[in-house]
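Novice: Work from the hints to combine the two standalone chains into their complex.
Which chain is which? The protein sequence lines are P and X, in order.
At position 12 of the first sequence (counting the first as 1) the number is -4 in the numbering used here, and the numbers step up by one without a gap.
At position 16 of the second sequence (counting the first as 1) the number is 47 in the numbering used here, and the numbers step up by one without a gap.
Please keep in mind that the hints were generated in silico from the structure rather than gathered at the bench.
Do not take every clue at face value.
Listed below are the simulated DSSO-like cross-link pairs for lysine-lysine, each with C-alpha atoms no more than 30 Å apart in a straight line [claimed, not checked]:
1) X:Lys69 - X:Lys36
2) X:Lys87 - X:Lys102
3) X:Lys69 - P:Lys41
4) P:Lys41 - X:Lys36
5) X:Lys99 - P:Lys41
6) X:Lys132 - P:Lys(-5)
7) P:Lys41 - X:Lys142
8) X:Lys132 - P:Lys41
9) P:Lys(-5) - X:Lys69
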Amino acid sequence: GAGVSQSPSNKVTEKGKDVELRCDPISGHTALYWYRQSLGQGLEFLIYFQGNSAPDKSGLPSDRFSAERTGGSVSTLTIQRTQQEDSAVYLCASSPSNTGELFFGEGSRLTVL
Amino acid sequence: DQQVKQNSPSLSVQEGRISILNCDYTNSMFDYFLWYKKYPAEGPTFLISISSIKDKNEDGRFTVFLNKSAKHLSLHIVPSQPGDSAVYFCAAGAGGSGTYKYIFGTGTRLKVLA
Chain P
-15 GAGVSQSPSN
-5 KVTEKGKDVE
5 LRCDPISGHT
15 ALYWYRQSLG
25 QGLEFLIYFQ
35 GNSAPDKSGL
45 PSDRFSAERT
55 GGSVSTLTIQ
65 RTQQEDSAVY
75 LCASSPSNTG
85 ELFFGEGSRL
95 TVL
Chain X
32 DQQVKQNSPS
42 LSVQEGRISI
52 LNCDYTNSMF
62 DYFLWYKKYP
72 AEGPTFLISI
82 SSIKDKNEDG
92 RFTVFLNKSA
102 KHLSLHIVPS
112 QPGDSAVYFC
122 AAGAGGSGTY
132 KYIFGTGTRL
142 KVLA
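If we strip away everything but chain X, and leave its shape as in the complex, we get (with noise of 0.2 Å):
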């Protein structure tokens, strides 16, 4: 069972354009997630990160929105660099006391094309 999914193994776009990756999830309880950038033969690297009390985050040039009722989260990138290039992994958690255990998703390779 798959509870947080993303659907598009990969995505390539122009460089200077807006990046979207998409993130959706099935357990109704998840109430933070996170964005992460994988980097090959590296750790993940945080990114980015909401609440479900919000609907947007924003962090320079990433942007993070949560549509609850719909269960889905996207995270944008604009505008994109070369550099961005990598795989984006979105995680969902629930809380309790205050830590989280996170379920990854199966990530998204971005080709940024200069």
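Isolated chain P (complex conformation) (with noise of 0.2 Å):
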């Protein structure tokens, strides 16, 4: 479909591992955004990709969290040594360069053990 993608959709992991999380924005979109949403909490911001700018990475909770964009489309967001509070489900949203509406993907779902 045209919307954007993620995958994978679930992924079980054991505490200390290496996660990669993969988005596939809506073509054309120049704003590419990571959220989190922890077990019954809220939406809480990651990181933010906007065109060839440096991206804004004052949401990313510790230095085991990184993310690239490559060729201002798809994007992967690293967790190293994933610990158990990293469980949750991590959204990606992109957004056209002159609009505010985010349109999210399904999400991923990681859960450590």
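Specialist: As structure tokens, then:
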């Protein structure tokens, strides 16, 4: 479809392992966001990419978290040495440059055992 | 520091009545606001937005009101329907070059009773 696509939809991993979550934004959208929702919590901002500008990483909770966006399109969120508190649904959203609406994917549910 | 707050974690309303969901923010630089609805196991879906140059925006059964002096916005759903039962998030952003870094509230779970 033409929406935001995230993979994997579900990921179960052991504590200490690294994980990568992928986001394919809507074609042509210049802004890309990562949020996470922990159980019973709201949407927590993680990182924001806008065009070729340096990303806003102010929401990343620790240096175990990193994200990149290659060619202004696909983004990968990497969590190193996962901890149980990293368990959450990780949501990606994209937005065209001149409107405010964010278009969300269905999320990647991460469970760290 | 919670810049966007939804102080009511849950709300129950009878079908056909009005649902009012509230949102408060602290940053006076916010100039664009969004409301999203989220069903379990799905991504949030956009409902309605409002710019700070307006105080009201209406789309069908959904109306958003913005009170800049009080740093408060509300979403009204009239009439409420059972299918409206979901978690509602407000978000606020501060523009610059035309795209916005959005901060979301913690959500309000709405239950519409048939």
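Novice: If a hint holds in the structure, say so; if it doesn't, say that too.
Specialist: Here is how each hint holds up against the structure:
no., hint, verdict
1, X:Lys69 - X:Lys36, "holds (17 Å)"
2, X:Lys87 - X:Lys102, "holds (14 Å)"
3, X:Lys69 - P:Lys41, "holds (25 Å)"
4, P:Lys41 - X:Lys36, "holds (22 Å)"
5, X:Lys99 - P:Lys41, "holds (28 Å)"
6, X:Lys132 - P:Lys(-5), "holds (27 Å)"
7, P:Lys41 - X:Lys142, "violated (35 Å)"
8, X:Lys132 - P:Lys41, "holds (11 Å)"
9, P:Lys(-5) - X:Lys69, "holds (21 Å)"
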